[in-house]
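Generate coordinates for the entire structure from the input sequences, incorporating the hints supplied.
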Amino acid sequence: MALFEVFQTTFFLTLLSLRTYQSEVLAERVPLTPVSLKVSTNSARQSLHLQWTVQNLPYHQELKMVFQIQISRIETSNVIWVGNYSTTVKWNQVLHWSWESELPLECATHFVRIKSVVDDARFPEPNFWSNWSSWEEVSGKETSTERLKKPCKVTTPLSVQDSLGQDILFVFPKDKLVEEGANVTICYISRNIQNNVSCYWEGKQIYGEQLDPHVSVFHLSSVPFIRKTGADMYCEVSQGNVSTSIKGIVLFVSKVLEEPKDFSCETRDFKTLHCTWDPGVDTALGWSKQPSQSYTLFESFSGEKKLCTHQNWCNWQITQDSQETYNFTLIAENYLRKRSVNILFNLTHQVYPMNPFSVNFENVNATNAIMTWKVYSVKNNFTYLCQIEVYCEGKMKQQYNVSIKMNGEYFLSDLEPFTEYMARVRCAGASHFWKWSQWSGQNFTTLEAAPSEAPDVWRNVNSEPGSHIVTLFWKPLSKLHANGKILFYNVVVENLDKPSKSELHSVPAPAKSTKLTLDRHSYEIWVTANNSVGASPASIIVISADPENQEVEEERIADTEGRFSLSWKPQPGDVVGYVVDWCDHPQYTLCDLQWKNVGPNATSTVISTDAFRPGVRYNFRIYGLSTKRIACLLEKKTGYSQELAPSDNPHMLVDKLTSHSFTLSWKYYSTESQPGFIQGYHVYLKSKARQCHPRFERAVLTDGSECCKYKIDNPEEKALIVDNLKPKSVYEIFVTPFTSAGEGPNATFTKVTTPDEHSSMLIYILLPMSFCVLLIMIGCYLKSQWIKETCYPDIPDPYKSSILSLIKFKEKPHLTIMNVSDCIPDAIEVVSKPEGTKIQFRKSLTETELTKPNYLYLLPTEKNHSGPVPFICFENLTYNQATSDSGSCGHVPVPMKPPPSQLGLMISPENVKKALGKNYMNSLGEISAGGTNLNYVSQLASPMSGDKDSLPTNPVEPSNCSEYKRQMAVPLCLASPPLTENSSLSSITLLNPGEHYR
Amino acid sequence: MSRREGSLEAPQADSSVSLLPHLEAKIRQTHSLAHLLTKYAEQLLQEYVQLQGDPFGLPGFSPPRLPVAGLSAPAPSHAGLPVHERLRLDAAALAALPPLLDAVRRRQAELNPRAPRLLRRLEDAARQARALGAAVEALLAALGAANRGPRAEPPAAAAAATSASAASGVFPAKVLGLRVCGLYREWLSRTEGDLGQLLPGGPA
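Chains A and B, in that order, are what the protein sequence lines are.
Those letters in the first sequence? Residues 0 to 997, by numbering that gives the first Met the number 0.
Those letters in the second sequence? Residues 0 to 203, by numbering that gives the first Met the number 0.
Hints are computed from structural coordinates only; laboratory data are not their basis.
These numbers come from a predicted model, not from an experiment.
Be aware that a few hints might be false.
[Unchecked claim] Ranges between beta-carbon positions, derived for each pair:
hint, chain 1, residue 1, chain 2, residue 2, range
1, B, A108, A, S376, 27 to 37 Å
2, A, N191, B, L19, 41 to 51 Å
3, B, G59, A, P223, 34 to 44 Å
[As the list claims (entries may be wrong)] Stretches of chain A that chain B covers, calculated by requiring three or more beta carbons in the stretch to come under 8 Å of a beta carbon on chain B:
hint, segment
4, 194-206
5, 282-292
[Claimed, not checked] Computed list of chain B residues with no C-beta within reach of chain A, every gap over 12 Å:
hint, residue
6, Y39
7, P73
8, A144
9, A172
Ideal placement from N, C-alpha and C gives every residue a C-beta, glycine not left out.
Below, the structure written as structure tokens:
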């Protein structure tokens, strides 16, 4: 019974609990309807924001529910979207949900309603949906943000245009921000359907679909980025061609935000982390629509975050010494997108060391040095790997790696003496390589060492009688072998033929040659280069006593693109090598001798240098060097690096000109000094004849004219006989040499005119005649003395007169000439001065025979006289007799007459003095001061000897008084009456002023 | 009697004869300034158009000549007015333009912050419009025809209206800027023409 009562009690309790549960479930069965639905819009995002609560939800209970939302456009029946939203709902919770519209919300009225259902596992099926909420209307005009709509009970929706105000046209959305590649829907709303609305996107008209009579929609697919200031889309209402209203929007298209690239962080001092990245494109837009993307650093272990102020780097302060590992997230963000990258690293692995410092060099000598440097200590026991590079003249010579703690040191070896080096060092973390520091470097120069190589020496020997003039040449040692600055060269000369003391010649640098005069012995010459440390090995050359063999024939070589290929026959016997020498500038006196050493087994070489110039002949000499270091000339070569046409034409001579031929020659033309090997000559001949002469061929000149051409192939043939010519014809001829490069320059033709055939006859006549004349002239010359004595004997010298000897003996031994008083004058010839010119006077002389002179007879003893005019009586002036000394002068009282005015000058004392001055100075001293012009009578009537033309044709006969005809000077005033043109005198000469008399 | 003569009749009667050369020089100077500013306004308009992008740079783009608050466009009847009346209108427009140009510059500073030359031109234009307006006012005063008519809308109010219009969107702001620049050029050109009529030998 008790068991029954226990069972009964348990049954009732179970039933009670079941009833309780059932009652709760029943309560759940009451529909949980969404209530208080509110719809707001976000115009910029074109989104509808819904918020609601659930009615009848039990207190403090959570239920998983599903809400179905329905959205219609324009009218409730036009459902454009249906979707479910599942969430867990708490008691009294306000639920939120958003929906984004591709169509700007302003373009059409939207309607929203919602219903719900319990979707919780605790409640088995069957579940059922609640009733729909009432439609919530969102008018296009009223899509302002954060404005809630009240439930609208009107089933007929308000049209959009009704709510827009008074404007006639609208375009939506306003200034939308989208990402590149997005699809954008734009609409316009026109108040009047009659309006003619045209829409344009970036200047091009676009066409849309009509949503209703007032609204048209345009879909822009995958819009590109155009410019930061946005792209314009506008619509205009036009009446006719006139725009009455215009409305537009600017679509701001942003570039897609890129993920930061190359994000990394490093530290130099373990205090700051420097993080860098490549931000990619800047997504900033104008009108403040979107600023540049922002960057934020987030470290997950510490949980710290930092907004970076720069677009591509950010510093992060290391605050905890213990933190070795960092996990950074770099977040890039703009209004449309967010991107992030992440790195995880150990701090000691990201060390970018500070640059090494205090780089120095110690114990620097000729070939090695010790390099030292320091690094910053950033952490205890941190090891650096340092790299050293040694540069010389910009090229890396050595590279080393060395591990250090703080102070670095490295021994640099194998350096070149007297060389400037640059050594630099950089360091990185040794345990984990992240990045090298910057280089730190320093220059240093090694010390000098003795030159390591003998200078390259060559010689030029000029043999002179009894001696050799040896010019030694050497090339400066390369920097590699000089090991320092070469100060001088030592030249030691040792006679090999007879023991003597060696001669030392010291030649200061930078000389590259020296001249030695050696006698005809063999000499060994040692040349060393010396710097401040020591001397180089010696270069030895031997000068043989025998003169250099100059009989080697010269061979021509052809040029090959500015290079000369030389080959030679090997020298018999042992040779230590060959030397080829030449002059770089053979046209100059200092020809710049060059040489090239060739090995003993070589029999050819190529000479190539930039010094070779076209048109210059280069001469090469090839020597063999014997084991005794004696050079023996083997071969000579000559050639041009490039042959040119001759620069000038020969000067030609025309010879042996006859009526049918002439010889042309240019023997002085040098073929050696030309810019190419002269191969021959071209002789051009122009004539009126159309046919060319034999051996000539027709040619056309550069000016287009035709002529005949004859080719001479032998350059030494410098003459040509041009024959078969026509007499008395003009030929033009021109000779030009030619080389492989062409002919000489154009020049003018020389004209040659062949003579007439008969002209040669004249030569046969004229030649003997000329010969005869010549013979006569020679005969005259040989017999000139005879002719002279015959035709014009010399005037006797009175000093040599035999009469003098008689006078000396008798009276006046001091007198040297015969005195007038010694003679007894028999007569005085009185002459009258002619007024005519000398010519006239001379003319009168020719009439001497027809005119009888007037004679005035004088007393031989008369000495004194009186009268206004001195009367001077003297002997022939040739006798140098002073009239004053003459005791036989007489005066003739002849009335004075003034001289003609024309002669006034002549009668002045000065003129008289002049007239007599030169030849009669001795006489003048004895003539009285009042002396005037004189007439004298020559005994021989010999006129001026210098005027042979005026020689009288009828000389006067000598008088009987002596050998000579007596002569006297007569003043002009005595010329009474004055001479007229008809007057004539015999043996009288008028001495005009300035007229010389001998 | 020519229009020019008629307009100057009253002022000339009051003016001293000795002042005429000075007045003429002033007119000439103001006219030269207007001429220069007209050229500058042309350059400003070109630069503005270039920097707004399409369709502003396109030849066929001609938005309607919308009214601008505080600034009227030169009316077609302007030419029929006496010259001193025209100059009064010119001076009023030039006084209204600076705040509008300043507002346009502010908008462009937002839209084209990297176009310093345009911004400088806009700034200069506001200052130059003010200067020319003052010069025309002074000239009117010298002619005894000082502005007695109704004052233009206060510049601050015009600018506020402009800013409000621009706030409605970027595109309307661009169009408004274009309109303001265009009006600036038109009023300068008109002022230059009106001043030219005062010059001796100017068009009758």
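Enumerate the violated hints, using their earlier numbering and listing them in ascending order. 1, 2, 3 and 9
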